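Engineer: Residues per chain are reported as follows:
Number of protein chains: 2
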Amino acid sequence: MYTIDELREMVKAELEKQEYVGDPYSLYEPIIYMLGDGGKRLRPLLALLAYNLYRDDVEKALKPAIGIEIFHNYTLLHDDVMDDATLRRGRLTVHKKWNSNVAILSGDAAAVTAYKYIEYCDDEYLRRGIDGFNQVAMDVCRGQQYDMEFETRDDVTEEEYLTMIYLKTSVLIAGSLRHGALIAGAPEKDYTALYEFGGYLGQAFQLQDDYLDVYGDVGVFGKNIGGDIVTNKKTYMLIKALELADEATKEELRGWFARRDGNPREKIEAVTRVYDRLHIDELALQKINAYLEKSYAVLDEIQVKPEFKEIFMEVIRELIGRKK
Amino acid sequence: MYTIDELREMVKAELEKQEYVGDPYSLYEPIIYMLGDGGKRLRPLLALLAYNLYRDDVEKALKPAIGIEIFHNYTLLHDDVMDDATLRRGRLTVHKKWNSNVAILSGDAAAVTAYKYIEYCDDEYLRRGIDGFNQVAMDVCRGQQYDMEFETRDDVTEEEYLTMIYLKTSVLIAGSLRHGALIAGAPEKDYTALYEFGGYLGQAFQLQDDYLDVYGDVGVFGKNIGGDIVTNKKTYMLIKALELADEATKEELRGWFARRDGNPREKIEAVTRVYDRLHIDELALQKINAYLEKSYAVLDEIQVKPEFKEIFMEVIRELIGRKK
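Chains as they are written, first to last, in the numbering used here: chain A, 115 to 438; chain B, 115 to 438.
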């Protein structure tokens with residue numbers, strides 16, 4: 115099997131070919147900009163890893179893999195407009211660097227590009243590949259719609275939140291693994307198992323993100339701590355706290371939400387103290403571990419050489435495992 | 115062959131099934147709203163007509179046909195946001211009735227829905243169908259990008275304009291005919307000829323739209339006359355006038371462009387007088403007829419029963435031929 119660095123290098127080289135660029139260049143420039151920010155390339159790597167479990171000729175899976183990366187970036191492009199985000203990975207978002215129209219239209223062009231790349235596969239896998247990808251793409255839209263609707267609601271349940279992040283985030287991670295397995299001709303059982311595995315992994319990954327925003331080590335995490343708290347973002351931490359808090363604590367939390375100015379440090383510390391008191395950190399870690407355990411259990415079912423599975427898991431841990 | 119009314123009824127019934135609707139309903143409601151405005155259904159009808167040239171079981175082509183209609187409406191949804199249009203076919207646009215985020219995201223969901231429907235075809239046609247559709251979808255993005263860039267330019271040439279409307283409008287009309295022919299198993303030559311035919315037809319159609327905005331009969335045309343003049347829209351009429359005008363006339367036109375307030379009637383009359391003086395009406399009619407003749411010439415090449423071709427042409431004339 116290839117190492118993660120080798121695969122990452124292949125993804126990088128394939129993206130750098132920019133074979134999708136046509137006329138006018140201005141339509142494609144924001145896509146190049148977006149893809150050039152050095153993301154982790156998690157999704158194409160997962161697709162290639164899944165492919166590599168069954169076949170050695172991973173170069174055959176490179177185009178679909180970067181198609182998935184382009185699809186992911188298209189969703190980010192449109193999400194950034196909808197959230198009116200200013201920065202992404204430390205750089206101006208497309209609609210801030212250019213304008214909203216550029217972000218909408220280049221996003222649309224990126225979506226078509228994604229479809230073009232994803233269909234690079236043997237004919238026998240085409241229908242299933244496109245069907246699967248359509249399902250993933252629609253689920254991502256559904257997740258984003260729920261996410262936007264949750265913003266104005268104060269009564270989002272844990273279950274609703276888990277469904278939302280599943281649709282918005284986990285489904286694409288699951289779909290990346292499934293697509294890699296599909297076009298490698300993996301057995302039916304593995305095709306299903308890798309999708310399920312990716313779904314659980316995605317949930318663990320997103321919940322870990324929520325957890326690390328509060329309890330992460332800024333040096334390792336690479337983001338400012340407390341960003342979600344400052345913006346009142348409805349994370350697992352906040353939803354769980356609102357569920358478990360007594361009336362007085364709820365009032366306290368609502369008081370902090372209402373504060374738009376003032377010292378962010380003070381707000382972060384106060385909300386974190388509420389989380390501490392309610393043991394939200396422990397609950398989150400339990401939930402993350404429960405999802406990871408589920409994911410490992412599903413992985414046990416797939417039918418590849420044990421040593422392959424071992425390498426695969428090691429790489430997954432490296433990709434996903436951001437220390438607190 | 116089916117009559118146009120029968121086909122229109124089938125398209126309507128298929129759209130009314132709303133089989134694409136999922137959770138949350140709020141994501142799909144704007145799509146239903148958009149599709150419920152009683153457009154002409156030109157594109158699905160063209161797809162069904164092309165299919166019907168070769169096969170009788172047009173119900174097999176209904177899903178791809180409405181997929182094309184859904185795709186068309188997705189592009190309108192996003193275009194309306196980009197143009198900040200208030201009305202479409204006499205009703206509030208989606209981003210005015212709801213907001214921009216709703217229009218962006220429901221548009222994205224409509225695009226995925228379109229892909230899902232368009233791929234309803236026998237496996238042997240799938241790759242080519244999806245490839246063709248990707249090409250059309252990308253061309254529409256390219257056309258919209260050119261259109262937006264032309265807004266801030268004063269030196270758009272006739273050739274550039276014709277390329278832009280070809281990409282933005284004609285390619286989808288061409289693609290509708292081609293897709294219908296493809297999934298009916300039409301011979302290679304016809305598949306190509308119908309695309310070419312649709313391209314010329316689309317050009318004639320769009321140029322006629324430009325012409326009728328100035329010289330149309332308001333009762334028949336169904337739009338207010340002079341709308342393009344009031345908004346300084348870069349139509350064939352205006353581009354041709356700027357090309358042919360002497361310096362004094364150009365100054366006169368620019369003077370009218372600069373007028374944002376005042377009596378629109380006065381502006382429309384003055385600009386129309388300039389067009390009259392430069393015989394833009396005749397030039398436009400010549401251009402429209404040239405495209406129509408080209409389209410008929412291509413149609414002569416397709417290999418179907420002559421009586422089928424005759425019915426087909428009659429329907430096309432009925433669909434396209436809006437009297438002045």
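Just so you know, these hints were derived from the structure itself, not from any lab. Quick caveat, the model's predicted, so the values are computed rather than measured. Check before you lean on any hint, since a few could be wrong.
Put simply, identical chains are the same to the list, so a pair is met inside one copy or across any two.
[Stated by the list, open to error] Capping the alpha-carbon separation at 20 Å, the derived lysine to any residue pairs in SDA-like fashion look like this:
1) K131 x A404
2) K210 x E263
3) K348 x V412
4) K348 x N215
5) K126 x L392
6) K364 x G153
7) K419 x E274
8) K348 x P138
9) K177 x V344
10) K348 x E310
11) K348 x R368
12) K177 x R373
13) K423 x T283
14) K408 x E133
15) K408 x E424
16) K211 x K347
17) K348 x T266
18) K408 x R373
19) K174 x R241
Engineer: What hint numbers does the structure not satisfy?
Structural biologist: As far as the earlier hints go, 1, 3, 5, 6, 7, 9, 10, 12, 13, 14, 16, 18 are violated by this structure, in ascending order.
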